[in-house]
Structures are given as C-alpha cells and as structure tokens.
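Q: As you go down the protein sequences, you meet chains L and B in turn.
Heads up: the first sequence is residues 1 to 253, going by our numbering.
Heads up: the second sequence is residues 1 to 695, going by our numbering.
These aren't lab readings, by the way, just hints derived from the structure by calculation.
Heads up, a few of these hints could be off.
DSSO-like, lysine-lysine: derived pairs with alpha carbons at most 27 Å apart [what the hints assert, rightly or not]:
| no. | chain 1 | residue 1 | chain 2 | residue 2 |
| --- | --- | --- | --- | --- |
| 1 | L | Lys117 | B | Lys403 |
| 2 | B | Lys594 | L | Lys117 |
| 3 | B | Lys430 | B | Lys464 |
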Amino acid sequence: MVGARALRQEDNVIHLTYEDMIMIKKEIIERNPLLNLGYENDYILPSGGLGAVLAHAGVGKTALLVQMALHAMMHEQPVLHVSLNDAVSKVDVWYRELFNDMASSYDVAQTGEYWEKMLNYRFIMTFRVEGFSVPKLEERLTDLMEQNIFKPYAVIIDGLKFDESGRGRLLELKELAAKYDMRIWFTVHTHRHEPPKEDGLPLSFLHVADLFDVLVQLAAKGPEVYIKALKGQSPDAKQDALLLDPATMLIKE
Amino acid sequence: MKFDDQKIRNIGISAHIDSGKTTLSERILFYTKRIHAIHDVKGKDGVGATMDSMELEKERGITIASAATYCEWKGHEINIIDTPGHVDFTIEVERSLRVLDGAILVLCSVGGVQSQSITVDHQMKRYKVPCIAFINKCDRSGANPFRVIGQLRSKLGHNAVAMQIPIGLETDLQGVVDLVAMKAMYFDGDSGENIRIEEIPEQLLAEAKAKRDELVDAASLFSDELTEAILEEKEITPELLYAAVRNGTLKRALTPVYMGSAYKNKAIQPLLDGVTYLLPTPSEVENIALDMNNNEEPVILTSDSEKPIIALAFKLEDGQYGQLTYIRVYEGTVEKGSTIINVRNGKKVKVGRVVRMHADQMEDVDHLRAGYIGALFGIECSSGDTFVSPGINMTMTSMYVPKPVISLAIVPKDNKAQMAMSKALNRFSKEDPTFKTYVDHETNETIIEGMGELHLDIYVERMKREYNAEVTTGNPRVAYRETITQRADFNYTHKKQTGGSGQFGRIAGYIEPISDAEFVFENKIFGGTIPTQYIPACEKGFKQSMAKGPKLEFPITGVKVVINDGASHAVDSSDMAFQAAARGAFKEAYLRAKPVVHEPIMKVVVETPTEFQGSVMGLLNQRRGMIIGSQDEGVMCVIESQVPLGEMFGFSTILRSSTQGKAQFTMEFALYRQVPQSIAEKIALEVAQNKKTAA
Numbered sequence: 001m002v003g004a005r006a007l008r009q010e011d012n013v014i015h016l017t018y019e020d021m022i023m024i025k026k027e028i029i030e031r032n033p034l035l036n037l038g039y040e041n042d043y044i045l046p047s048g049g050l051g052a053v054l055a056h057a058g059v060g061k062t063a064l065l066v067q068m069a070l071h072a073m074m075h076e077q078p079v080l081h082v083s084l085n086d087a088v089s090k091v092d093v094w095y096r097e098l099f100n101d102m103a104s105s106y107d108v109a110q111t112g113e114y115w116e117k118m119l120n121y122r123f124i125m126t127f128r129v130e131g132f133s134v135p136k137l138e139e140r141l142t143d144l145m146e147q148n149i150f151k152p153y154a155v156i157i158d159g160l161k162f163d164e165s166g167r168g169r170l171l172e173l174k175e176l177a178a179k180y181d182m183r184i185w186f187t188v189h190t191h192r193h194e195p196p197k198e199d200g201l202p203l204s205f206l207h208v209a210d211l212f213d214v215l216v217q218l219a220a221k222g223p224e225v226y227i228k229a230l231k232g233q234s235p236d237a238k239q240d241a242l243l244l245d246p247a248t249m250l251i252k253e
Numbered sequence: 001m002k003f004d005d006q007k008i009r010n011i012g013i014s015a016h017i018d019s020g021k022t023t024l025s026e027r028i029l030f031y032t033k034r035i036h037a038i039h040d041v042k043g044k045d046g047v048g049a050t051m052d053s054m055e056l057e058k059e060r061g062i063t064i065a066s067a068a069t070y071c072e073w074k075g076h077e078i079n080i081i082d083t084p085g086h087v088d089f090t091i092e093v094e095r096s097l098r099v100l101d102g103a104i105l106v107l108c109s110v111g112g113v114q115s116q117s118i119t120v121d122h123q124m125k126r127y128k129v130p131c132i133a134f135i136n137k138c139d140r141s142g143a144n145p146f147r148v149i150g151q152l153r154s155k156l157g158h159n160a161v162a163m164q165i166p167i168g169l170e171t172d173l174q175g176v177v178d179l180v181a182m183k184a185m186y187f188d189g190d191s192g193e194n195i196r197i198e199e200i201p202e203q204l205l206a207e208a209k210a211k212r213d214e215l216v217d218a219a220s221l222f223s224d225e226l227t228e229a230i231l232e233e234k235e236i237t238p239e240l241l242y243a244a245v246r247n248g249t250l251k252r253a254l255t256p257v258y259m260g261s262a263y264k265n266k267a268i269q270p271l272l273d274g275v276t277y278l279l280p281t282p283s284e285v286e287n288i289a290l291d292m293n294n295n296e297e298p299v300i301l302t303s304d305s306e307k308p309i310i311a312l313a314f315k316l317e318d319g320q321y322g323q324l325t326y327i328r329v330y331e332g333t334v335e336k337g338s339t340i341i342n343v344r345n346g347k348k349v350k351v352g353r354v355v356r357m358h359a360d361q362m363e364d365v366d367h368l369r370a371g372y373i374g375a376l377f378g379i380e381c382s383s384g385d386t387f388v389s390p391g392i393n394m395t396m397t398s399m400y401v402p403k404p405v406i407s408l409a410i411v412p413k414d415n416k417a418q419m420a421m422s423k424a425l426n427r428f429s430k431e432d433p434t435f436k437t438y439v440d441h442e443t444n445e446t447i448i449e450g451m452g453e454l455h456l457d458i459y460v461e462r463m464k465r466e467y468n469a470e471v472t473t474g475n476p477r478v479a480y481r482e483t484i485t486q487r488a489d490f491n492y493t494h495k496k497q498t499g500g501s502g503q504f505g506r507i508a509g510y511i512e513p514i515s516d517a518e519f520v521f522e523n524k525i526f527g528g529t530i531p532t533q534y535i536p537a538c539e540k541g542f543k544q545s546m547a548k549g550p551k552l553e554f555p556i557t558g559v560k561v562v563i564n565d566g567a568s569h570a571v572d573s574s575d576m577a578f579q580a581a582a583r584g585a586f587k588e589a590y591l592r593a594k595p596v597v598h599e600p601i602m603k604v605v606v607e608t609p610t611e612f613q614g615s616v617m618g619l620l621n622q623r624r625g626m627i628i629g630s631q632d633e634g635v636m637c638v639i640e641s642q643v644p645l646g647e648m649f650g651f652s653t654i655l656r657s658s659t660q661g662k663a664q665f666t667m668e669f670a671l672y673r674q675v676p677q678s679i680a681e682k683i684a685l686e687v688a689q690n691k692k693t694a695a
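Work out the full structure, taking the sequences as your base and the hints as a guide.
A: Shown next, in the form of structure tokens:
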C-alpha cells in the first residue's frame with residue numbers, strides 16, 4: 001500500500017524514465033542480504049510481523065536496516081524510522097551516505113532528483129529513550145495518518161533496549177503493527193560478555209524471541225561482516241552466513 | 001616592532017533570538033563602566049538598551065543591525081559586536097563572525113539549544129571562531145544549565161565543559177561556584193557590582209568537586225603539563241588549568257561553559273574574566289588575504305602594526321555626519337590623515353576622523369592598530385571592501401553572500417517619498433549585500449529583493465522611520481527559475497534586408513541541461529563556418545537569453561550551449577547579427593528542451609510544545625511541505641521540514657494562532673526544486689495576468 005503523500009506525488013509529477021535508477025534498484029535487489037539468505041517474500045515480513053537484526057555494538061545494525069528501508073522506499077513503500085538514540089539530522093545522514101555510496105557511479109543530476117522523490121517515502125521520528133512509549137508512538141502515528149501526511153508500510157525502531165523493556169511492550173507493538181497493517185524492524189544490541197545459546201540467540205533475548213517472525217544476526221570477523229539467518233527463512237534455503245560489504249551492507253560482490 | 005596585542009579581544013555575542021544577548025551586552029557595558037545605568041531591552045523606561053541603537057529595534061525588542069562597541073576590562077581592550085538573532089538577518093551575523101576572533105555563544109537555560117543556535121553554530125564553524133558559552137536566564141523557572149550542556153554536546157557536537165556550577169537555581173539563584181578557584185561568588189549591590197567571594201557552601205562541595213574533576217579531565221587533553229601534574233598529584237594552579245582550557249578553546253576542541261543571569265545581574269564579571277583568559281588575541285587567529293598581483297594566492301597576515309595597511313570595511317551606517325564605515329584592521333595602522341586605497345575600485349582615500357564606537361556614541365582616536373575594530377568617517381565604499389596602503393594589492397577573502405529568494409514591488413506615495421526612497425534604497429543595498437534593488441523596466445516598479453519576508457518588512461519600516469519615505473508594497477514574489485530537462489538542437493538563420501547593409505548570421509548546435517553550473521558555452525566549430533571574431537557575440541546572445549525564459553520570463557539556469565556549425569556573410573554579418581541569431585536559436589531550441597520551473601525550497605524548523613505537534617505538521621503539510629522528521633525533546637518537539645517559499649507567506653501568524661503563540665520557527669534557503677505540474681500551471685496563469693495588468 002502506498003502512503004498518502006506518495007499518492008499526491010503521483011498526481012502531480014510526470015514520470016520520467018531513470019535509467020540509472022533502474023540500475024541502482026536492480027543492484028539493491030540483487031545484493032539484498034535478506035533476500036539472498038532465503039527469505040522468500042519480497043517484503044520479508046508479513047503485515048503485522050516483527051523482525052530484528054541482532055549484533056554487537058558497531059557492527060552495522062542501523063546501516064543494515066537503513067539499507068532495507070532504502071529498498072522499500074525504492075519500491076514506493078513508506079518507511080517510518082524511529083530512532084531513540086540519534087537526532088533527525090544524524091539519521092538523515094545514514095540514508096544519504098548509503099544512497100550516495102550506491103549512486104556514486106551514476107549520473108549525479110539524475111540520482112539527485114530521484115533521491116528527492118524517494119524522500120517522500122521516509123519519515124524520521126526521534127524520541128528520548130525514557131520518553132518513548134507505545135501509546136505515544138501511536139498518538140504520533142495517528143496524527144500523521146489522520147491528516148494524510150504519512151502512512152508507513154514498514155517501521156524501523158532503532159535503539160530500543162530489550163533487556164529492560166519487557167515482553168509487554170513488544171506485544172503492544174505487535175498489536176500496533178497488525179492494527180495499522182505495518183511490519184516493524186528492530187535493532188537488538190547484543191553483549192560481548194553474553195555467549196549465545198545453540199540457536200544463536202542471546203539469553204537475554206529468549207523471553208521475547210517467539211514474538212518475532214524474522215531474526216538475523218550480524219557478526220564481525222576481523223574487518224569482515226557476515227550475516228546469518230536465525231529464524232524465519234524458508235527451510236530449503238542455504239544456511240551459510242553471507243559476506244557483506246561493510247560500506248553498503250549489501251552482499252559483497 | 002610588533003605591537004603587543006595580548007590585551008585585545010574582538011568578540012561577538014551570538015545566539016538565539018530572545019536568549020538575552022542584548023541584555024548581556026548592556027550588563028557588560030555597565031560593569032566595564034561604559035554606561036552608568038542599566039536599561040531594559042523593551043524600553044520600559046523609555047530609554048532602551050544601549051546596543052539596540054535603532055528606534056525600530058527598541059520597539060520590536062530585537063537587534064537588527066549589529067552595533068560595534070568598545071570597552072575595557074581589567075586592562076584588556078574588548079571590542080564587542082552585538083549580532084542579530086533572527087535568521088533573516090544572518091548576513092549580519094556572518095559579517096560579524098568574519099571580523100571577530102572569538103565569540104560568546106549565549107544560550108537560554110530553559111530553552112536550551114534551539115534551532116537558531118544550530119544555524120549560528122554552523123556559521124561559527126564556517127569561520128572557525130573559537131567560543132565560550134554562557135547559559136543565561138538561570139533565574140527563570142525551569143532553568144537547568146546542565147541539560148543545556150548536554151544539548152551542546154549532543155546537538156552541536158561541542159566538547160562542552162562547565163567552568164562553574166550555579167548556587168541555587170530559578171528564583172533562588174544566588175551566585176556561582178568558580179570551579180577553577182574553587183570559591184563561591186555572590187553578586188551584591190543594586191546592580192550586582194560588588195563581588196563577594198566565600199567558601200563553597202557545604203551542600204555543594206561534593207558536586208563542585210565532581211564537576212571540577214570533569215573540567216580538569218577534559219582540559220588535560222590539551223596540556224602535557226596539566227597531565228603531568230595530575231599524574232604526580234601536584235597542585236593544579238589556576239594558571240595551569242586556564243592555559244589548558246584556553247588551548248582547547250582556541251583549537252575549537254573544547255567549549256568552556258559559564259552560567260548566570262544577565263537580567264538579575266548574576267555572574268557577568270566572571271564571564272568577562274573568561275573572555276580575557278580564554279578567547280584568542282588577534283595575532284592568534286589566522287587571517288588570510290588574497291594577493292591580487294600573484295593570481296589571488298592566499299597570504300597569511302601577521303597582525304603587525306608596522307607593516308602596510310590591510311583593513312576590511314565590514315559594516316556601513318548612515319550617521320548624522322555622513323557614512324560611518326566600520327573597519328577591522330588586519331595589518332598596519334590606520335592613522336588620521338593617512339592615505340589608503342580601496343582595492344575594489346583603486347580609489348585613493350584620505351582618512352579623516354577615526355573613532356571607536358560605543359553603540360551610537362563615539363570616541364575620537366588617533367589611530368587604529370592591527371587587530372583593532374573601529375570606524376572611519378566620510379569614506380565612500382561598500383560593505384566588504386578592502387582598504388590597503390598604496391603599493392599593496394591584496395584583498396580580504398570575499399564573504400559568503402547567499403542569493404536573495406524573495407522580492408517585493410514598492411511604490412512611493414508621492415514625489416517627496418520617491419526621493420527619500422531612492423536615498424534609502426541606495427544606503428540599504430550598500431549596507432547589506434543580501435538586500436538588492438532594481439527597477440523592472442516593463443512594469444516600471446521598484447523591486448526590492450532579500451532573504452525573507454521579515455527581512456524586507458524591516459527595510460520597508462526603516463524607510464518610513466529613518467527616511468520618511470511612505471511606500472505601498474505589492475505582494476511578495478518568489479524567485480522562481482526555469483531550466484531545461486532534455487537536449488534540443490537548433491539551426492537558426494537571422495536574415496534582414498531593410499535597405500543599406502543587411503544582417504546575416506546562422507548558428508547551429510544544441511542546448512542541454514547541466515546540474516553544476518548556471519551557464520556553459522562551448523564552441524565546437526571547425527573550419528571557420530562562423531568566423532572567430534563573432535564567437536563572443538554568439539555567447540553574449542545566448543547569455544542574454546538566459547536572463548528571461550521565453551515562456552514564463554523567469555531567469556534560466558543550468559543550460560549548456562554547444563555550437564558546432566553556422567554561416568556568415570562577408571558584408572552583412574556583424575556582432576549584432578550573430579547576437580540576434582543566438583537569441584533566435586535559443587528561443588527555437590528552448591521550448592523543445594522541455595523547460596520546467598524550479599522554486600526555492602526553504603528548510604523550516606518549528607519548535608513547538610508536543611501537544612501541538614499534530615496541528616503544526618498539518619500546517620506544514622497543507623503548504624506542500626515535506627516533513628523530514630520530528631524530534632521529541634520532552635515537553636517540546638522539533639519538526640524539521642522542507643517547504644516551498646511560495647507557501648510560507650503569513651506562516652508566522654497562522655503558526656502563532658494555532659499554537660497559542662507557543663511555537664516558533666526558523667527558515668533558511670535549502671535548494672531549488674521542480675514545481676509540480678498543477679502549481680506550474682497556476683504560476684503561468686499568474687504571470688499572464690500580471691502581464692495583462694502591466695499592459
């Protein structure tokens with residue numbers, strides 16, 4: 001489903017063919033790590049579903065999710081990015097840098113214009129960690145939806161603490177996702193001192209793991225970053241971890 | 001011999017509107033004994049603060065033009081530039097930062113780092129101005145200086161560290177604890193002029209010790225001696241600590257934070273001490289001039305008073321006795337009676353009166369040495385001109401000047417007003433490079449251009465008050481632009497035979513869009529189908545066409561013209577003929593190159609209490625705004641958006657009425673973006689209508 005703002009754009013703008021953009025789009029799809037890991041549905045998460053990227057600090061959780069968001073934005077699916085750590089301008093820089101990195105080998109004028117169009121499919125909301133609550137998020141969301149400003153297809157919540165926030169809050173978020181026909185992605189910060197269980201999940205995450213439809217893990221080995229599916233991929237998909245390009249968080253060529 | 005400039009400080013006071021800059025300047029002047037009584041900004045006593053010298057400023061309670069002022073503190077000579085806080089006047093802020101060596105960043109202890117502070121901070125970064133922060137209004141309810149220090153770190157990325165902690169807060173604010181001397185300071189007397197130093201109150205001792213440790217820790221990164229003293233557990237002397245903090249401040253790697261309340265006369269004197277201890281002397285700042293004789297090679301200036309003169313005129317004012325030119329001397333000494341040259345036009349000027357300014361009063365001096373800020377009388381020049389000694393050909397780097405984005409037609413009420421208006425416009429455009437004026441030859445209207453609605457409003461007001469020029473204003477107009485979106489070929493022949501010698505010229509080639517330049521002309525003609533002497537005429541013809549699009553008559557940008565063929569006639573070809581041919585060729589190709597209209601998009605940042613977040617977003621959305629994001633800050637939230645300038649007229653009134661006056665916003669130019677089709681049609685209709693009424 002396309003958001004209201006996107007619809008309005010459709011009315012007014014004459015669509016041109018962006019050859020370079022088609023190339024970038026193709027590249028993003030082909031090198032999308034989650035699709036390559038054997039998640040079948042093009043959109044990976046079903047409506048109302050929850051997904052999470054688990055990793056130690058500094059490995060690239062946010063970058064991976066921003067890359068996923070760019071994927072959605074290119075498919076004209078609005079993404080709401082909720083950050084509990086960073087300011088709006090800093091979140092914006094993540095998107096710009098990842099996009100520019102991919103677009104650097106293409107025509108600047110064209111990609112610049114396309115970027116302006118893609119921005120219509122993104123909304124950044126930041127909260128202070130202590131000020132974040134599900135009713136508050138819902139209030140903001142309805143503000144946006146009632147006025148036809150923005151209706152997210154997917155939501156990214158970056159910086160929510162799982163060891164502290166109990167199962168209750170996640171249940172509320174799952175309900176919210178179903179209610180508004182969205183899917184929500186989270187970043188999960190795992191700790192180095194906490195060895196994972198057999199299924200790759202850290203102990204402190206086990207109490208909520210069943211609520212998630214998709215779980216993937218990022219791990220750094222030296223300068224390289226690997227991605228591994230922990231939950232939700234199709235059974236006959238290959239199980240190996242894939243190597244990512246740390247600059248773009250896409251599959252390394 | 002080099003003049004010792006160790007005791008000179010040129011500082012600016014920059015901050016968000018209403019965070020108390022002018023009140024602070026007023027207190028500084030009082031404590032440095034430049035004035036003998038304190039006045040409030042809004043002029044309750046009918047006098048008004050000394051730094052707000054323009055009548056209009058007094059009335060609106062805001063600072064419009066920056067007044068330069070000179071004062072002395074404990075043997076140091078301090079030049080202060082009071083800078084305006086509203087974003088529409090940022091050229092003033094930028095100009096002051098250009099000539100300053102350091103700055104006090106004033107923040108409100110309740111409002112904290114607001115969007116305007118972010119703009120000002122960017123500007124300080126651009127000119128690499130070291131700064132110390134002053135958290136003002138600690139007497140207000142809700143004051144929390146440490147929250148503001150946190151914001152300085154998180155929002156502005158400053159390595160902010162407290163130099164003081166408050167003794168009491170809000171109505172209970174009594175004084176501050178100096179973390180360097182580890183003493184409590186109280187400010188007694190009617191105007192806080194008597195400083196009482198005592199031991200730190202028992203209940204604050206632990207906090208003071210902890211904060212001092214933080215200070216020492218942060219400072220130790222900038223001084224090996226201090227690190228050594230810490231490791232060897234020696235006593236850390238104030239000199240050692242100040243030297244380390246100063247080191248970090250000059251590198252812009254540390255921001256020392258002072259706090260107090262200017263309005264309640266608390267802790268201004270320690271801030272002045274901070275200015276003298278921590279901000280740079282003129283020779284500690286690297287200033288660069290461009291050598292015009294040597295391909296504009298940058299030259300580092302030395303602040304030597306014995307060298308030939310290099311000075312920059314950074315501000316003009318129309319005073320009772322003619323034009324007053326504020327200058328900053330970078331090298332040499334500007335003396336009464338000496339001869340200087342204006343590098344821009346090569347004119348020789350004899351220096352008459354040299355003065356040091358104290359808001360709108362002045363004090364005559366004999367000379368201004370390198371590093372000084374002062375003013376000259378009776379010198380004709382524009383803002384931004386460089387003055388040098390004869391024989392020198394250097395210019396100070398040109399200042400960054402944004403292009404105007406909005407225009408307004410003004411009509412004088414009668415003949416007398418007409419005279420006064422042209423006098424005023426002449427003055428304003430000299431004073432402010434972002435304010436432009438011209439006469440539209442088609443409509444015969446006088447047009448003024450500037451950076452925002454308020455910017456132009458203020459000038460219209462000033463015309464009335466200072467020059468007695470009554471004018472009526474038209475609707476503000478947005479500076480639209482046209483550009484092309486695809487390549488189009490042309491092959492145009494200009495032929496005229498009207499008796500006598502005729503006109504002949506043929507030009508062929510193509511135009512195509514480019515993104516990184518306004519106009520590019522490329523000559524790919526081989527074999528002289530157009531003789532070389534006519535090529536400049538062709539370029540001129542194309543360039544002329546760029547001034548006005550054939551359809552909507554907005555200026556055209558982003559076009560590359562390539563000519564690759566043509567023809568000429570031995571008798572009938574001329575410069576005129578090829579210029580006309582180029583104009584014809586451009587017109588022919590332009591409409592086939594799918595022209596589009598671009599409009600200025602403003603970055604609009606609104607700060608509002610969270611309960612109005614929804615309605616503010618609605619307001620922005622109705623104005624074709626794209627909301628980039630919203631930032632939750634507890635009770636307040638900040639909404640960042642991009643809105644077409646054409647939709648922003650009257651926004652401040654509507655924002656006020658729908659948020660009970662509790663929201664505020666800043667607006668600055670962000671980029672040009674293509675206008676949606678439906679709006680483009682509307683604009684075309686308006687243009688057609690305007691033409692009709694003009695005819």
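Q: Each of the hints needs a verdict: does it hold here or not?
A: How the hints compare with the structure:
no. : hint                  : in the structure
1   : Lys117(L) x Lys403(B) : holds, 25 Å
2   : Lys594(B) x Lys117(L) : holds, 19 Å
3   : Lys430(B) x Lys464(B) : holds, 18 Å
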